[in-house]
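Participant: Each chain, letter by letter, is given below.
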Amino acid sequence: MAHAHSHDHDFHHEQGSELSEMQLRTRAIETILLEKGYIEQAAIDELIETYEKKIGPRNGAQVVAKAWVDPKFRKWLLEDGTAAIGSLGFGGRSGNHLVALENTPSLHNMVVCTLCSCYPWAVLGLPPLWYKSAPYRSRAVADPRGVLKDFGIELPKDTEIRVWDSTAELRYMVVPMRPAGTEGWSEEKLAELVTRDSMIGTGFPKSPKDLK
Amino acid sequence: MNGGQDIGGMDGFGPVQPEPNEPVFHSQWEKRAFALTLAAGVAGGWNIDMSRFARENRPPNEYLTMSYYQIWFAALEAMLKERALVSDDEIAVGQALKAPKPVSCILRADDVARVLYHGGPTERETKTKPAFKAGDRVRAKMMNPVTHTRLPRYVRGHLGTIDRVIGCHVFPDSNAAGAGENPQWLYTVRFDGGELWGADADPSVTVSVDAWEPYLLPA
Amino acid sequence: MAYDQHDHDRFELSETQLRVRALETVLTEKGYVDPAALDLLIETYETKVGPRNGARVVAKAWTDPPYRARLFKEATSAIAELGYAGRQGEHIVALENTPKRHNMVVCTLCSCYPWPVLGLPPVWYKSAPYRSRAVADPRGVLKDFGITLPKDTEIRVWDSTSEIRYLVVPMRPPGTEGWNEDKLAELVTRDSMIGAGLPKSPKDVK
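Protein chains in written order, with this note's numbering: chain S, -16 to 195; chain B, 13 to 231; chain A, 10 to 215.
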């Protein structure tokens, strides 16, 4: 009987032996699907290229930077995320129903998908492993302050924390607060401060001194 | 804790698979693990609620893929190490490397029959009166302790009926945490299948749990 | 993929075997356990305490109405009359199956089971499929055991969350009039005392 996982003595999955089994199986499936004409090689390659290189958190950083400098865009973003983000050329798969969440001094937003890994691909690319894994998925809804601690963050006791469990097709992105000391900065320069984690709600943007 | 052990109502495990003519133990090591757990419990001085917590207290993916006695054995190791009675390096070489700590009692062969026959009754005297009586409607609390509890998730927040007032018994939530026996009134609470599982549930099914008073609110 | 304890167990075996042996050695060397006590514990549950005990309780309940009454009033003492008592059976409640009501016992959270009358629980009782489904779909579980009850039979599932231990008293099979307790006890299966089975019928015991 084939086992989907190896049997390391510590009951953890041993990366080495698991990898080769998965490599073989993926290669086998890909070959069969190609041979049967169900998929096209070039399309597979393009999909990988798109999400490895073309779509990523730099998209979301652009959105946030624009919201920081342009009050009309900010208002539009918070009222109709899909349209506002779409106007910058970002959208499509996992970006059809985007909602922007505004962090304020009294309110901190955090996004999770407890049931799987729903994530706003259009603005953030593919989710990191920690976002898709059990520790974050299980604890974000029960103990968000504990999770923030894992990220080295402690918020004031009276900050409201809103956790958003992405159970439908709505995808959430957090608009963090603009760091102090960035008056007059260009959108491009501001975008460099916006981290991926700050748009999930598990981090803050960088501060000007981090950018030396 | 909301761990891998709290699986009432969880899906995906497949059919129940009884083994015909199943032996009591499936291997030599299982027998030893079983006996060691019972005997070391006497020396180690932990209570059954602590044992149960030690078994549950691991990542759910491990709990759900370890066999029954693997879990028992892992919990035994953890409890012994917690109390500095054995260490990892001793287990690694299979030899005592440090002098034993004094323990108040060990289980001798001559004690076995008597100790097993006596067991560990949990009913305790009390001067308090039970808050509920048979027939009362109660609501299981919404509570999510990270420590040991015996209120399964599938009943929390649900409305049930007191089936029976059982008596005053050691309270596992306290006992497992080393906070003393703290005996509480214990009840059998019965829930309609529909209450637990929804409108599509089998109307002929009811489910009961035995719940201590701190788990319950008047409905 | 159906969850299979035993396949998984085979792979982990040698490491666990070694650790168990190692721990036993360490505990013995330190004087924390007595090897003779260990052997006796194993022998007790391998050979002395088992479902034959519960079968005797049930057979007596079938033939002795005052005993039956005592059993349902206060099972722990009624069972102790037959010499069965102790660990994991300090507080037993007997559950009566009737034509209208079928009882089923589970421990969703671990494996609580009435040792003095049934011995140690079988692997299926302790495993995820039973623990997860008994409370949600008892009829589905009974189907896994080849049993279909009438739609209007009430099914009471008892989740053993405390130290109370439950023993199902199945209904006496028809065609056993005049049978003595010993012969009746042969019909009482372990599964029928958990509520995952029914007793054998006279023709099964030819």
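Please note that the accuracy of each hint is not assured.
As the list claims (entries may be wrong) - DMTMM-like mimics (lysine to aspartate or glutamate), calculated; alpha carbons at most 25 Å apart, straight line: (1) A/K160 to B/E207; (2) A/K39 to B/D100; (3) A/K39 to B/E135; (4) A/K212 to B/E34; (5) B/K110 to A/E99; (6) S/K140 to S/E152; (7) A/K192 to B/E94; (8) B/K113 to A/E105; (9) S/K115 to S/D133; (10) A/K135 to B/D122; (11) B/K93 to A/E24; (12) A/K152 to A/E90; (13) A/K160 to B/E34; (14) A/K152 to B/E207; (15) A/K192 to A/E90; (16) A/K135 to B/D23; (17) B/K139 to B/D122; (18) S/K192 to S/D126; (19) A/K152 to B/D23; (20) S/K55 to S/E175; (21) S/K36 to S/E175; (22) S/K115 to S/D126; (23) B/K153 to B/E34; (24) B/K141 to B/D23; (25) A/K82 to B/E207; (26) A/K152 to B/E135; (27) A/K109 to B/D175; (28) A/K152 to B/E94; (29) B/K141 to B/D123.
Hints in this document: simulated from the structure, not taken from any laboratory.
Participant: Of all the hints numbered above, which does this structure not satisfy? Sort the numbers upward.
Facilitator: The structure breaks hints 3, 5, 6, 7, 8, 10, 12, 13, 17, 18, 23, 24, 25, 26, 28 and 29; every other hint is satisfied.
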